[in-house]
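In order, the protein sequences belong to chains A and B. Straight run, no breaks: the first sequence in the working numbering ends on number 340. Straight run, no breaks: the second sequence in the working numbering ends on number 917.
I should point out that these hints are in silico values taken from the structure, not numbers from a laboratory. Note that beta-carbon positions come from the ideal geometry of N, C-alpha and C, so glycine has one too. It cannot be assumed that every hint is accurate.
[Unchecked claim] So, partial list: chain B residues that the calculated Cβ filter (under 7 Å) puts toward chain A:
#, residue
1, Asp750
2, Ser785
3, Ala792
4, Thr794
5, Pro796
6, Leu800
7, Thr806
8, Trp807
9, Ser809
10, Pro852
11, Gly854
12, Leu897
Here is what each chain is made of, one letter per residue.
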Amino acid sequence: MKKRIIISLFTGIALFALFVGAGNKPPEPKPTWLEFKIPQGWPKPATDIFAKNRLSEEGFQLGKKLFHDGRLSKDGNFPCASCHQQFGAFASYDHDLSHGYNNTFTTRNAPGLFNLAWMPKFHWDGGVNHIEVQPLSPITAPNEMAENLDSVLRKLRKDTAYPKLFKAAFGSTEINSQRMLKALAQFTGSIVSANSKYDKVQRGEATFTPGELNGYNFFKANCAGCHKEPLFTDYSFRNTGLAASPFLNDQGRMKITGNKADSLKFKVPSLRNVMLTFPYMHDGRFYSLGAVIDHYRTGIITTQPTLDSLLTKRIAISNREKNELIYFLNTLTDTSMTRNPRFAEKTTYFSH
Amino acid sequence: MKNRPFSIPLFLLVVFCLAGFRKNDCCAQQPGLLKISFVNTVKGNPLQLDSTIYTNPFSETYTVTKFKYYISNIALAFPDGIFKEIDSYHLVNAADPSSLSFVFTASPNTYQSLLFTIGVDSLKNVSGAQTGPLDPLNDMFWTWNSGYVMAKVEGRSPQSKVVNNKVEYHIGGFSGAHNVLKKLRLDFPAGMILNVGEGKTSEIIIEADLESWWQHPTDIKIAENPVCTTPGELAKKISDNYSKMFSIKNIINH
């Protein structure tokens, strides 16, 4: 009896397959789908950036190539990677402001690019609301890549490799802005930093030194209100009591919201890889962590009306606590990310 | 005989397979087509880009170099319900004749009103990279403060004291107090009936009069406000003005 059922079903399926197969070309090879893994103990991202941009090996590789391609800039000299360097946790290493087209400077410090899948809003002022549209800003800004989208797409279409890579990632050779931006998001959104010494301690694979542990305890009591674990930011916008630069006069979040209450507020940056992302603050005014800590203990301008409520009395930090805090912040460096050949332009780059 | 119950599923499976490959469902209504056309005007006269010098209600003179706006979420109302266009996003660009009309399938019915949004709904403003009419290539997307420019007028005026006497109104902002999105319902005037018939193309001709940008409820004088390129109070006021720019000019039932 059961055999009969099975045979009937198989016959049906076979007939069905014949119908489908008849007159159709063999199916195109599908992209190799990838699963985005959330590190153990981490929260789920508020929105799944890969829900409508399914992550694939081909999409990731295309995004990586675009990220390193100077043709996304007007004169060819400014790929995304020129300001977002892997060895500097994808920030601009040792630059307060980054260099743009025709001897220009950017107006803010380039942030490190990692754990972007958790980031609800982009830019120091939160003006960009989705990872996919973020690259439009640097590509078109006259003091960054200084290009226009149409010109970028024309250059990519002329290339011999790109049509094939777009086909592998998205099913056809068509090159359009949506596909380019989705591929870039697959690359940048895949960069996860979750394997620092701090993470190993959390997983029970390593232990803090006594100094690091003291620093961690001080951090939890005094810094974690904004730099929330495990991402080391709560993504809020806050005024940390810095004087506005007379040159830049950057009003921060207020530029986006038009609300006076947001004057001088900037996004809380992650402290992961903080040893590599110097100089610090939205305009890169402090070159060392010591200078940043000194700002929090003695430099905060407490008369600013929008100063964050957690900072109105500054933060009391002894010299010993300062040193221990820096010991702890050192444990947030993740060389398995900064040296991961998967994120490098050439996979042999860090092999020596 | 005892085999029969098992051959029935097989038979049904084959029938379903065959049914799935039939080209037309026997009973489905054939859809009609609806064409929507826009005629851009100034004080009722066809808009001439670049060349014609216009005068606004405050005796300020200006030329128009660009006039673009998004029309989205189009729907047609009949007494018992509405028909909605799927994936309904259109960019009308006065400089591009092919953008001035578009056609979509609509279910046959007699309709009494046209509904649409001026601009792009908030969801599409926060959903990442889009394509087609919503492609940032269309120069209607802000890169530094994500969101679509819902409507845009650019031109020149001697009353503008900014660089090159520019007049630039890029109106956007999709949330909060300064949301500029406008949902319109245009009832068809008495004597005009829209009949969408099976296999036929009907047409709605809409006039968009740029003159409405300047006043009612707020006077917008070029001398005072030649530029508005950020979301905010001024953009909201201009959008309140232009929300009245559309009117049904004609309906053609073929």
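Status of the hints after comparison with the structure:
1. Taking 7 Å as the C-beta contact cut-off toward chain A, the hint placing Asp750 of chain B at the interface is violated, the least distance being around 14 Å.
2. Evaluation of the Ser785 of chain B hint against chain A yields a violated restraint, the C-beta minimum of about 11 Å exceeding 7 Å.
3. Annotation: Ala792 of chain B was flagged as interfacial toward chain A, and the flag holds, the nearest CB pair being 4 Å apart, inside 7 Å.
4. Interface hint status for Thr794 of chain B: upheld, as the beta-carbon distance to the closest one in chain A is roughly 4 Å, under 7 Å.
5. For Pro796 of chain B, the interface hint is violated, the least distance from its beta-carbon to any beta-carbon of chain A being 12 Å, above 7 Å.
6. Because the smallest distance between the Cβ of Leu800 of chain B and any Cβ of chain A comes to about 5 Å, under 7 Å, the interface hint for this residue holds.
7. Restraint check, Thr806 of chain B versus chain A: the minimum CB separation of about 4 Å is within 7 Å; hint holds.
8. Using the Cβ-Cβ criterion of 7 Å, the hint placing Trp807 of chain B at the interface with chain A is satisfied: the shortest such distance is roughly 5 Å.
9. Taking 7 Å as the C-beta cut-off, the interface hint given for Ser809 of chain B holds, the closest approach to chain A being about 4 Å.
10. Because the smallest distance between the Cβ of Pro852 of chain B and any Cβ of chain A comes to about 40 Å, over 7 Å, the interface hint for this residue is violated.
11. Violation of the interface hint for Gly854 of chain B is found here, the shortest Cβ-Cβ separation to chain A being roughly 44 Å, above the 7 Å cut-off.
12. Taking 7 Å as the C-beta contact cut-off toward chain A, the hint placing Leu897 of chain B at the interface is violated, the least distance being around 10 Å.
Consistency with the previously given hints fails for numbers 1, 2, 5, 10, 11 and 12, ordered from lowest to highest.
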